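Enquirer: Just so you know, the sequences run in chain order A and B. Under my numbering, the residue at position 125 of the first sequence is numbered 125, and the numbers go up by one with no gaps. To convert, take the position in the second sequence, counting from 1, and add 1000; that gives my numbering.
The set of hints was computed from the structure by calculation and includes no laboratory data. Worth double-checking, as some hints may not be accurate.
[Unchecked claim] Which chain B residues stay away from chain A? Per the calculated CB distances, all over 10 Å, these:
id: 1; residue: SER1046
id: 2; residue: ARG1057
id: 3; residue: ALA1091
id: 4; residue: GLY1116
id: 5; residue: CYS1137
id: 6; residue: ASP1150
id: 7; residue: GLY1165
id: 8; residue: LEU1170
id: 9; residue: GLY1171
id: 10; residue: ILE1176
id: 11; residue: LEU1178
id: 12; residue: ALA1205
id: 13; residue: ARG1227
id: 14; residue: LEU1238
[What the hints assert, rightly or not] One side of the interface only, derived from the structure: several residues of chain B facing chain A at Cβ under 10 Å:
id: 15; residue: GLU1025
id: 16; residue: VAL1029
id: 17; residue: THR1031
id: 18; residue: ASN1073
id: 19; residue: LEU1225
id: 20; residue: THR1228
[To be verified] Negatives, chain A to chain B, calculated, CB over 10 Å:
id: 21; residue: PRO108
id: 22; residue: LYS221
id: 23; residue: TRP443
All figures in this text were calculated on a predicted structure; none of them were measured in a lab. By construction, the Cβ of each residue, glycine as well, lies at the ideal position given by its N, Cα and C atoms.
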Amino acid sequence: MKTKTTLLAAALFCAALSTAHTFCGFYVAKADTKLFNKASKVVLVREDDKTVMTMANDFEGDAKDFAVVIPVPTFIEKGQIHVADNALIEHLDAYSAPRLVEYFDGDPCRPVMEIRAFAAAPGVMRGRADAEHDKALGVKIEAEYTVGEYDIIILSAEQSGGLETWLKESGYKIPEGAGGILESYIKQKMRFFVAKVTLEEKAKAGFHYLRPLQVAYESPKFMLPIRLGTVNADGPQDLFVFALTRKGRVETTNYRTVKLPTGMELPIFVKEEFSDFYKAMVTEQVRKEDMHCVFTEYAWDMGWCDPCAAEPLSNDELKNLGVFWLGGEGRNPRARPANSDVFITRLHVRYDRKHFPEDLVFQETRDRENFQGRYVLRHPWKGEPKCDAAKKYLEALPERQEKEAQTLAQLTGWEIEKIRDRMKLPAVGGKSSDGKKWWEKLWK
Amino acid sequence: MDPRIFQISALGGLLIYGMGWLEFELGPVQTAVTLGGVLLTQALCSRLWKVERFDPRSALISGLSLCLLLRTNSLALAAVGAVVTIAGKFALRWRGKHVFNPTNFGLVAMMLATNGAVWVSPGQWGNVAFFGFLMVCLGGLVVMRAARSDVTLAFLGCYLALMFGRSLYLGEPMTIPLHRLQSGALLLFAFFMISDPKTTPDSRAGRIVFAALVAYGAWYVQFRLFRTNGLLWSLAGLSLAVPVLDWLLPGGRYSWQRPSAKTSNVQRPTLNAQPTPI
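My request is simple: use the sequences and hints to build the entire structure.
Expert: Right, dumping it as C-alpha cells:
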C-alpha cells in the first residue's frame, strides 16, 4: 500500500512537471555562486533537541593552513562527526535561491498564453588559521579523531587563558580579542571542536577542495555561535543558514526575522544581471533595516517547489545532510508528497560585531506558509495592434515600465535615471520612447 | 484620561506599527477574527456569569495583546485563542481573584494544547524602535497613576540585574545584555502584562517577591532550559503561587474603587478608569 501511495505521489509530481508552461519552465541562466565575498553556509537539521550541523567549506588557499575552532554544546564522539559532499549544499543552495521568473505577454487580441522560466542565485564560505599540535595547558583534550580529510580535537578548558595559550602554542592563529569570547563559552560549559586538514588523508580522498564537516549532537540549545567569527572580521560578513525541520519555518528569537521583498515586476535587463540585482537588493535591504535583521529568503515544504530553481533534494540527499527522521531507503526522490516531512528555511544574515552582539538563537515555528524570493520579468508583446485591447495595452505599457524602473530603484538603491536609460525609457517630463515630446502627440 | 483608553490606544498603535512597518506575521483577517472573538466571548460570558455589564474595553485590551503576540497559520486557532483567553478570565478565579493574566493564560494554554501550532515570536519587535516603545510604556505609568507599578519596576530591576549579572560572570561585553534588554517583547510584558492588578499578590512585599520570582523563572527558562518565551512560561507558572504569597504576605485585596488600603484617602480613578489586565 505504502509503495502504491509512493508511486501515485511520484506520478502526480511528474504530471505536474509535464505541464511546463504552468509552473516549472526552462532554465534561463544561473547566477554566479560567488556572489558574496565573505560568506558562510551552514545547514542546521533540527528535531526534538537533536541537531545535525553541516558547515560548508570553500576555504581557498593551502589546505595545510586550514583550521577551524567551533564551540559546541556537548561532548562529541567520533560517530557524531561526518564529512559530507559539497554537492549537497550546492543543491540545497540552488533549490532555495531567489529566482527570476519570466512571462511573455501574449497578443492582447487573443487569449493570453504565458511561459515561465527561472534562474537562481546563491551564496558562499571562508576558513581560518593555522594548525599544529602540542600538549595541554589547563586544557583537556577530550578526544582526537580523524574523519575524512580532517583531524579533529574535542577540547574542554577550565579558563580561557589556558585555552588561548594552548591554541596559540599549537600553532592556531587566534585573533586578538578572542580570549574573552572563549571564556564566556567555557563558562557556559561548551566544548570546542577544532578541525584541521590532514594532507595525507586529503590526498587519499582525492578531492581538490575541502568537504563540508558535519556534527550531530543533542542539546536543547538551538543556536549558532557567530561571535568568534566577528573578532577579526574586516567588515560585515554574510551567513546563510539552511534550516531543515519537521514542523515549519525557523526564525531567530533574539533578532528580527523579516522576509526579503518578493514578487516584484522588474525591467527585462535584470535577466542579464540577476546576480548584481540580488547583491544590490540585499545590500539595500540591509541598509534600510540598519543591519539589524535576519532575512528569510526561502521557506518551503521540501516536497516541491514552484517555480523550481532546482529540483527538491532527494530523500538520500536529505539523509546525508542529517535529516534523521526520514525513513525508507533509496526511495524515489520525488516520492515525497507536497505536504512532506521536511521544511526548509533559508535565512540570510549580514552581520558584524556592532549590530549582532550575541549569537543567533533560533526557534522552530509551525508556520508552513511557503515563501520564496521571486522576481518577475514581463516581456512586452510586440505586434501590430489590431484591436482596441491591443491599443490600450500599448498605451498602458510605458506606465508599467516606469513602475518597473521605480521598483528596481527602490529595491536596489540604483539610480532611477540610469535604470531608465538601460530600459530606454523617457526621463520623466522628457521625450517618450518614440522620441516625441508628450505634447507633440496630444492633439493628433 | 481613562487608562483603558490609553492602553487601547497604545496597544492599537503598536499593532498598526507592527503590521505596517515591522511586517508582523499577522493578516487583517486574523486581527478581525481575534478582536471579534474576544468581544463576542466577553458579551457571552458577561451574560453567563451575570457578574458585570458588557464592557468591551477590557476584552479589547486582551484582544489587541493577542494580536500583538499570538501567531498561527490557522484562523480557527486564532479564534479559539480569543475564546480561551476571555473565558479563562471568567472561569479561573480563586477567592474572587483572577488566577492568570488573561492573555498570558490564553497564549500558554494554546501553545501547550496545540503542540506548537500557536507560537509567539519574541524577535518580531527588533530593537530599532525600542526607545519609542519605552517612552510609550513610561508614559503609560504616568497615565495609570502608578497603580501597582511596583511590580513592573521590581520585575525590570531584577531582570536587568540577572541579565547584566550573567554577562558579567561570563565575561561577555555589555552590548549583549543591553541587546537582550532592548526588546519590545520585554517591555510589553513588563508594562502591560505582569502589572495586572487583578492577578498580582495583594501586598507590596508579596508583589516584589512575585516580580523577582518571575524574573528568575524567565531567566531560568531562557538560560538553563534554553527555551523560547521564558517570560510567558514563568509568569503563567508562578501565577499559581500567588495564593501562597497572599497567605504568607497578606495585604489589602485590590479593589477597583479602592486600589490600596494605604492610599485610600487619596483621590483615585473609579472602576471605569482603572488599568485593565491584558
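Enquirer: Would you pick out the hints that fail for this structure and give their numbers low to high?
Expert: Hints 4, 8, 9, 10, 11, 13, 16, 17 and 22 contradicted; others consistent.
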